[in-house]
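Assembling the complex is the task here: the two chains are given apart, and the hints tell you how they should meet.
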Amino acid sequence: MKYDIIIAGVGGQGVLSIGTIISASALRAGLRAVQSEVHGMSQRGGAVTAHLRLADREIHSPTIAPGQADLILGLEPLESLRYIDHLSPAGTLITASEPVKNIPDYPDIEEVLWEVLRQPRGYLIDATKIALESGSAKAANVVMVGAATDFLPIEAETIRGAIAEGFHVKGDRVVQTNLMAYEAGRSALQHREVVDEFETFAFV
Amino acid sequence: MAEEVVSAEALMLLGDEAVALGALHAGITAGYAYPGTPATEILEALKRHGGKRASWCANEKTAYEAALGVSMAGKRALVSMKHVGLNVAADPFVNSAVVAPIGGLVLAVADDPGMHSSQNEQDSRFYADFARVPCLEPANPQEAYDMTHEAFEISERFRVPVVVRLVTRLAHQRSGVTPQHPRDENQLAEHRDRADWVLLPSFARLRWQKRIAQEKQISGWAEMSPHNELRLNEKFRDMGVITAGIARSYFLEVSRELGLTPSHLHIGAYPAPATLIRELADHVGEILVIEEGYPFIERQLRGILPPFTAIHGRQSGHIPGSGELNQQIVWKAFGLEPPYGKQPVPIELPNRPPRLCDGCPHIDAYNALNAALVGYASPVVTSDIGCYTLGVLPPYNSGDSCVCMGASIGMAKGAADAGAGPIVAVIGDSTFLHSGVTPLMDAVADNTDMTVLILDNDVVAMTGTQPTVLPPKRIPEIVRGLGLDPDHCHLFESHPRRVDELTHLLRREIAYRGLSVVIVHRECVEALKRDKQARRES
Numbered sequence: 001m002k003y004d005i006i007i008a009g010v011g012g013q014g015v016l017s018i019g020t021i022i023s024a025s026a027l028r029a030g031l032r033a034v035q036s037e038v039h040g041m042s043q044r045g046g047a048v049t050a051h052l053r054l055a056d057r058e059i060h061s062p063t064i065a066p067g068q069a070d071l072i073l074g075l076e077p078l079e080s081l082r083y084i085d086h087l088s089p090a091g092t093l094i095t096a097s098e099p100v101k102n103i104p105d106y107p108d109i110e111e112v113l114w115e116v117l118r119q120p121r122g123y124l125i126d127a128t129k130i131a132l133e134s135g136s137a138k139a140a141n142v143v144m145v146g147a148a149t150d151f152l153p154i155e156a157e158t159i160r161g162a163i164a165e166g167f168h169v170k171g172d173r174v175v176q177t178n179l180m181a182y183e184a185g186r187s188a189l190q191h192r193e194v195v196d197e198f199e200t201f202a203f204v
Numbered sequence: 001m002a003e004e005v006v007s008a009e010a011l012m013l014l015g016d017e018a019v020a021l022g023a024l025h026a027g028i029t030a031g032y033a034y035p036g037t038p039a040t041e042i043l044e045a046l047k048r049h050g051g052k053r054a055s056w057c058a059n060e061k062t063a064y065e066a067a068l069g070v071s072m073a074g075k076r077a078l079v080s081m082k083h084v085g086l087n088v089a090a091d092p093f094v095n096s097a098v099v100a101p102i103g104g105l106v107l108a109v110a111d112d113p114g115m116h117s118s119q120n121e122q123d124s125r126f127y128a129d130f131a132r133v134p135c136l137e138p139a140n141p142q143e144a145y146d147m148t149h150e151a152f153e154i155s156e157r158f159r160v161p162v163v164v165r166l167v168t169r170l171a172h173q174r175s176g177v178t179p180q181h182p183r184d185e186n187q188l189a190e191h192r193d194r195a196d197w198v199l200l201p202s203f204a205r206l207r208w209q210k211r212i213a214q215e216k217q218i219s220g221w222a223e224m225s226p227h228n229e230l231r232l233n234e235k236f237r238d239m240g241v242i243t244a245g246i247a248r249s250y251f252l253e254v255s256r257e258l259g260l261t262p263s264h265l266h267i268g269a270y271p272a273p274a275t276l277i278r279e280l281a282d283h284v285g286e287i288l289v290i291e292e293g294y295p296f297i298e299r300q301l302r303g304i305l306p307p308f309t310a311i312h313g314r315q316s317g318h319i320p321g322s323g324e325l326n327q328q329i330v331w332k333a334f335g336l337e338p339p340y341g342k343q344p345v346p347i348e349l350p351n352r353p354p355r356l357c358d359g360c361p362h363i364d365a366y367n368a369l370n371a372a373l374v375g376y377a378s379p380v381v382t383s384d385i386g387c388y389t390l391g392v393l394p395p396y397n398s399g400d401s402c403v404c405m406g407a408s409i410g411m412a413k414g415a416a417d418a419g420a421g422p423i424v425a426v427i428g429d430s431t432f433l434h435s436g437v438t439p440l441m442d443a444v445a446d447n448t449d450m451t452v453l454i455l456d457n458d459v460v461a462m463t464g465t466q467p468t469v470l471p472p473k474r475i476p477e478i479v480r481g482l483g484l485d486p487d488h489c490h491l492f493e494s495h496p497r498r499v500d501e502l503t504h505l506l507r508r509e510i511a512y513r514g515l516s517v518v519i520v521h522r523e524c525v526e527a528l529k530r531d532k533q534a535r536r537e538s
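In the order they appear, the protein sequences are chains A and B. Per my numbering, residue 1 is the first one in the first sequence, and the count goes up by one each step. Per my numbering, residue 1 is the first one in the second sequence, and the count goes up by one each step.
Chain B with its partners taken away, still in its complex shape (with noise of 0.2 angstroms):
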């Protein structure tokens, strides 16, 4: 699969392109995911490097899957997702950490802390745990290469999967990274055992113990990863550090800065190894946990360490419990005012939000759904995971709701099932395809009155307009094909000249006493510009 040529020379790749870069030179033959900042340049970059064996898939869950489907065969497979994802795909997730993985299946997700482009900051190192799998937490794109490379060794000893987690620092900041020599794939599995892919609970059972009795092996390894790294200094007893994944490169910055060098555990392999952190307990007598995302170490500290050593961290409130580390936020928990910059200038600088792009598909619908619910009291908008979610904002200041994708329509039926009304649910293509299918299947049981529009504009627009995974304009037939009556399921191709049109026609359906849906179809003026490029570069 691997068609990149290694140089010797050091390549500046996003740390999401190290983690496709080293799946491709571990041998992988399938990749798997659904776009979601800020994992989709994972995919992207297999896509670029590997062939058309990287493929999007209909949601993160199917994605894992069909990875999981690989292993089973005998052969490597990368599954990427952003964190959210990996609610969708944790039945399979969970359930794979059950089985016996014969080929390395890996599962790289990209938590978002801060959220930059999510609707929260889970951690998906409690998943890891939650699961019983190991985790690699890289620091920089050089390890996010190297550690993806070695999950697959890892998973296929352990016959685990195993979890890369990243972060958005992580997977989006540019540096060099020296690749190794290129594996090739493995060959097909001759044969496998039932009782090893089969969870009935007979077999389940067993399965489950031998997975339990293997964690001590597991966390040898941990013990013994050269990722898991305890420097100690013998003439500094205060305080000791441990950080994981990226926080170490907030906390190298800060410590050089200050030349100070308190001893330091390192995390970047989970399980959590116990012995190296008693270790720096017993030397220091208070310890300092700087860690991206949730206190996940610092809350395991409680039980491995004793109750009077102190332990300070997010939990603690010496480092704020939500939001992005920084060096800031490190020189605070080490009691020291940072420093600051310039002041601000004197005039207010607004800010700037994401907004629909000019002559986006989607202005056109939000002026035609604003227009066809004026005169009721209280309309409830549900909205959904896309582009058309900054129709919240002003000017159009449409939609109530935005949780996970798909909800809008689960959201609108229980609304509609409470009595609330009108009741409209927005919600795009790929957010239907991806998770707006089962809900809908549910409203056209029971007929629920309300109104579901599908802006369709082709692509996954807000990622960067990856093609959807079924092609333009089935979304009609996939509708009618659950049983919704045929005369209150629409096609409308949209055009800004054309938005009273359908203005009448969402009145008319939003007074229907039933379920209806209108999908209103115009490609996305992204996606437009992209095709004109390539038209022209060809």
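Pulled out of the complex, with its shape left as it was, chain A reads as follows (with noise of 0.2 angstroms):
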């Protein structure tokens, strides 16, 4: 069994965080993780990505060839479609649906998200509304690990532990945000399964 996650978003919007939150997961249930991560120069304002692979064996490569990903983890709508080449044909693109405008080209926002939607097994998350429910904005990123637990090869009651150990210096309260963030993700995703399934209908 391998699992390739690509993790895409904005320089300062939390990628290696999801990364770190997933590969402790991992390891809780016994799997392999090795992750790629970006560092330095373009952690500024710039396009940042993370691989994260999780397999039941050896895993050699620390970074996911083109076709090969599994799921595609978007902190950011333009970015996530940015790596689509990397996806599997069978594979998964869930991303958060608020743009980072730092530059001064970015298209049309309707056209990013409908891009998405489009996909098979595209999903979009108000992940930044769902962590403001949840107490904090910045609780977004683990509101998108929540959002693609159900379909990482790690059971859920895992990750909440990994989650809780990883926020566990910084205090309850903010291992409960973390927490309440995480499930309003997860339900978010089952519930918009099905919207998502009526709009594709609805358009074509």
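For the record, the hints were derived by calculation from the structure and aren't laboratory data. Ideal Cβ positions, reconstructed from N, Cα and C, are used throughout, including at glycine. Hints are not guaranteed to be accurate.
Which stretches of chain A does chain B cover? Using the computed rule of at least three CB atoms under 8 angstroms from a CB of chain B, they are [what the hints assert, rightly or not]: (1) 50-63; (2) 71-84; (3) 95-106.
Just so you have them, the derived chain A footprint on chain B, three or more residues with Cβ under 8 angstroms [stated by the list, open to error]: (4) 165-173; (5) 334-348.
Listed below in structure tokens is the structure:
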């Protein structure tokens, strides 16, 4: 078994934290994990990606080849589409819907969102809104981990444990906020699935 | 030094962190570095786990020299830097191969193939070869840990500095590492031989003869090293593969998918093992060399193997001559068409380059500089290495050059000597302390007609807000200490509301026919955020 994830976003959004939560969860589940990160210059408000590879066997390459990713998990819709050539034909694309428009030529957001929804297994999550409802806008990346859960080869209970441990040093309140954000993200995806099918159908 | 609790469980570590922990567990007494992607996290991890004997230095040369001094005192030291940092440290590095280190001396150098955060993709294996010292090339974080640990043993055994060569995809790859038991620090050396450390020509000649005489032993070590592993496949004699360091990861991934198991020599320890290479060549008709960086092994094969042997790699064009390796490249090197993913979406996805942060003090400085240069036909703005290099991009479009640390000032002087003008050199505080003071000395000596704009934001911002080597606001004293006319040395406290004032000051100093220095000070917004977060958490 192998499960390859590309996490995409903009510098400062918490791409690496998502990788940390999922890889810590994978280790708890007895899987191996290799994460390839981008540091340095690219983090200054530029495009940021992390490649996270999970498997129950030895993992060699730190990066995911085109066509091999099982999941693209985006914190920004345009960024999630940038790596679509890395997604396998059977892969899933889940992205936060709110754009980061720090470039002058950002395309029409409606078109960007439509391209996400047009993908088979393409999902949009209003992560910022859900995070705010859970108590902190900063938890948007944890909302996205929640949204991805049902596709990951890891039990939700294991991920909850990793989140609790990961945020433990920041105190109980932060742990609770993030666990809430996680659950909310998970249920948003579960709820969303039906709506997407309907919308795709309606557009066609 | 090591306070890390060693557990039997694997730790998820970055390649850089694994190097730091390997060094700590090998009993280092000190670690030195200058920040630079992708090597920064080595010293950051040393600071986290090893405390205050991990030091940021003025530049890579001073860092290397400090490590060499630790070795002379009999203790172990790690010095780490990015590949281009080794150009700065090349003088002590190459000469440290002539002396006889006492305590283990290990250089961890991180190359950046693909130039994610660098101006070139030079391959540090050539430096190790040039200095004629052993080099270890790990393929994953576990090997980074183990090889760094072992490098200290090798350094003490042969009394030679040892290079651990990393690349970006290893330095910034996070995976499981099982640590060993920590070793104690060395005792101070009781005596040392002056002839081992004073490189007067008469001593240096003898030292160099000894080093050359030792090469057989070092080659023997490399031939026997478990890091150089030859696996012959009796049933497959058409081609053989040589991989080095992280390139093995891409090869193994592809060979597993293809069910292809050609004879394979993996090289993780240099000098390259000539006997193993010949053994592989005797067995196969053709050799494919997969290595990250320059065609280092591929070129060496030409001196080891008979001329009719077919050797394919980066030099021959079977693998691209530049850029990072990946699985697709390996597929193509085998003559196969790699699998492709989904089609790109039909809308244009513009690039999102890095940019100056909102509220960045450099924004005000560039706005003022651009306004001050209005009306000049052909101003020259030389820039330097750091966040402010981003001022070259829109909307500021300011800066005609960016070459290497400190070059803004040296190149400005040359451009002024050539008669161009007006000339402004833009340099950050840490880059100035790293390599800007000496070229400024040249400009002071000639009272060159140019303006140096030092953007002082209190930190090394681009690499993650590390502290500059000297506390903030020391730069005016340094500049005046060089002998610059105090009337043309200004410290300006920057504020978005003071852009016009700064413009006015810059216009005046640019018009002045002599050397002027304007230091614009305001703290980096990322550093402010970091401090605020730290206060909240405490």
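Taking the hints in turn, this is what the structure says about them:
1. 50-63: Three-residue rule met by the region 50-63 of chain A, so holds; n is 5.
2. 71-84: It holds, with 5 qualifying residues against the three required.
3. 95-106: holds (count 5)
4. 165-173: This one holds; 4 residues, not fewer than the three required, reach chain A with a Cβ under 8 angstroms.
5. 334-348: With 11 residues close enough to chain A, the hint holds.
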